[in-house]
Amino acid sequence: MALIDLEAREIHAKIVYFGPELSGKTTSLRAIADGVPPETRGSFRSIASESARTIFSDSLPIDLGERLGFRLHWHLYTVPGQPRSSGARAVVLHGADGIVFVADAAPLRMAENFHSFKELETLLSAQGKALGDFPMVLECNKSDLPDAVLPADIAATLGLNEGAAIRASAINGAGVFDALRLVSKQVAARL
Numbered sequence: 046m047a048l049i050d051l052e053a054r055e056i057h058a059k060i061v062y063f064g065p066e067l068s069g070k071t072t073s074l075r076a077i078a079d080g081v082p083p084e085t086r087g088s089f090r091s092i093a094s095e096s097a098r099t100i101f102s103d104s105l106p107i108d109l110g111e112r113l114g115f116r117l118h119w120h121l122y123t124v125p126g127q128p129r130s131s132g133a134r135a136v137v138l139h140g141a142d143g144i145v146f147v148a149d150a151a152p153l154r155m156a157e158n159f160h161s162f163k164e165l166e167t168l169l170s171a172q173g174k175a176l177g178d179f180p181m182v183l184e185c186n187k188s189d190l191p192d193a194v195l196p197a198d199i200a201a202t203l204g205l206n207e208g209a210a211i212r213a214s215a216i217n218g219a220g221v222f223d224a225l226r227l228v229s230k231q232v233a234a235r236l
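Residues in the sequence shown are numbered from 46 upward in steps of one, following the working numbering.
Listed next, the in silico DSSO-like pairs over lysine-lysine satisfying Cα-Cα at most 30 angstroms (straight line):
no.	residue 1	residue 2
1	K163	K174
2	K174	K230
3	K163	K230
Just so you know, the hints here were simulated from the structure itself, not pulled from any lab data.
Using the sequences provided together with the hints, build the complete structure.
What follows is the structure, given as structure tokens:
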């Protein structure tokens, strides 16, 4: 649930980037950090192993400016994708106001996308939330690859409306801001 500080006239919301390992969650956050002016973001923080794999979480606070007299602060987090990290995923997901599900558009990764998405549904359910009623965007990363699965087909595999599916290539920043904008609008509409 977003934190609304009436005295300070600030709203803080938590957006979690969820998906299978190596789908591009950290790369998406790095692209956002690189693409926003330094004065509107905090430091990108990562708890990673020597091989640069996320161990617990990455985080990036951003300031979206003022809307309706309130300063909007979004706190972006990633979850680790490795199968052994299910406990960390549950912890990071706790208290989320919105989710960007980062799916890997490579054809051989569809089963991993599906299993990760089902885990997301289970973890939200444990928090008393239904995914269908929750702000969520599907970021179809690696859509620039020649054999990439179309966003509409990934959405169908996951049982989602293709209207929430964004074609992306996090390595070059394509689509990551579209996904962030769309989930931000959904979160703001619920405030």
